[in-house]
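Participant: Protein chains in written order, with numbering that gives the first Met the number 0: chain A, 0 to 167; chain F, 0 to 164.
No lab work stands behind these hints, which were simulated from the structure alone.
Careful: at least some of the hints might be erroneous.
[Said to hold, decoys possible] Straight-line Cα separation of at most 35 Å, DSBU-like style, residue types lysine-lysine; simulated pairs:
1. Lys160/F - Lys106/A
2. Lys160/F - Lys20/F
3. Lys7/F - Lys123/F
4. Lys106/A - Lys20/F
5. Lys7/F - Lys160/F
6. Lys1/A - Lys106/A
[As the list claims (entries may be wrong)] These stretches of chain F come out as covered by chain A in the derived footprint (C-beta under 8 Å, 3 or more residues):
7. 41 to 50
8. 71 to 77
9. 104 to 111
Quick reminder that beta carbons are idealized off the backbone N, C-alpha and C, glycines included.
Listed here are the chains, written in short residue letters.
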Amino acid sequence: MKYPEPVQVIKERRDTALGALVGGIPYIGFMGITFERRGDELTAIMPYRGMLVGNPVLPALHGGATAAFLEIAALVELAWSGLWSEIESGAVDVSNLTPETLPRLPKTIDFTVDYLRSGLPRDAYARARVNRSGRRYASVHVEAWQDNRSRLFAQATGHFLMPAPNDG
Amino acid sequence: MANDDEIKVAQEFISALPHAKELGLTVEDIGPGHAVVALPYAERLIGDPRTRVLHGGAISALMDTTSGAAVMSLPEGFGTATLDLRIDYMRSATPGQTVHAAAECYHVTRSVAFVRTTAYDDDKERPVATATGAFTYGHATAPSTPEQMATAMDVFENGKKELGL
Chain A
0 MKYPEPVQVI KERRDTALGA LVGGIPYIGF MGITFERRGD ELTAIMPYRG MLVGNPVLPA
60 LHGGATAAFL EIAALVELAW SGLWSEIESG AVDVSNLTPE TLPRLPKTID FTVDYLRSGL
120 PRDAYARARV NRSGRRYASV HVEAWQDNRS RLFAQATGHF LMPAPNDG
Chain F
0 MANDDEIKVA QEFISALPHA KELGLTVEDI GPGHAVVALP YAERLIGDPR TRVLHGGAIS
60 ALMDTTSGAA VMSLPEGFGT ATLDLRIDYM RSATPGQTVH AAAECYHVTR SVAFVRTTAY
120 DDDKERPVAT ATGAFTYGHA TAPSTPEQMA TAMDVFENGK KELGL
């Protein structure tokens, strides 16, 4: 029996892959969004910044910023869930992952955002769940909250076109 | 078409929204129940580094702002908020080109405004994305005189100061 790899080696490989996926997308940096990983589970974090405000009187996060946050969380979760098995199987070599060598990103077909309450000027969190992922299409649901996990401020469902296997 | 003064007032208003200002949104037309707003192409808004195409989120923010602006320009649409927004992405926006969104408020009830929005780049015949949304309506009366507008802008500036912006 092969002895399992040291935990640090495994963690580093997974974190490097996630870093390459997220770090390669300029818009995620523009929004200041980061991802936390527990095993294969991701939590998207959008730290509060003044530029995310839409209505300075309430004050409230911009609905567009909320939509973008949810879409990023959904897209990264979907890309990550595909990448995960390739990292674990060794099919993808993490040591030279760049935007050019990463698998192509899925494309958003449609995205429906449900605004439940106004976004407060505080950090926001989101978790996405891939409800269906076929060869060509995927359906992803995403929930976002701020202070209380049980009090969502927005949720969304999106459909995505998966990259064709020969797209690179 | 709105005249220059109307566009200037709407632009001041959009620029008072920190996220809209950060995206560099510019008002191209405004009138009761409709609005056209532009999002200039920027490297930092790229969603796919291989194709250099803008991220869908930036297009969503543009369409949400434009839809909201169309509602705000109605008599009781001031201070509207998005209830839901569905966006369909038809094709990738061409890298390097400005994306424009045209919103039309097609039905209003006492408390809800329904809006359709189309986004396009230089090729107007092939939309980049379309959106339909429901917005809150009827909570406040829009400022109609220059004095009322100035008061509204003061309230905005105060809010920004409170937030340290």
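Participant: Taking the numbered hints from earlier one at a time, note which ones the structure violates and give those numbers from smallest to largest.
Facilitator: 1, 6, 8, 9
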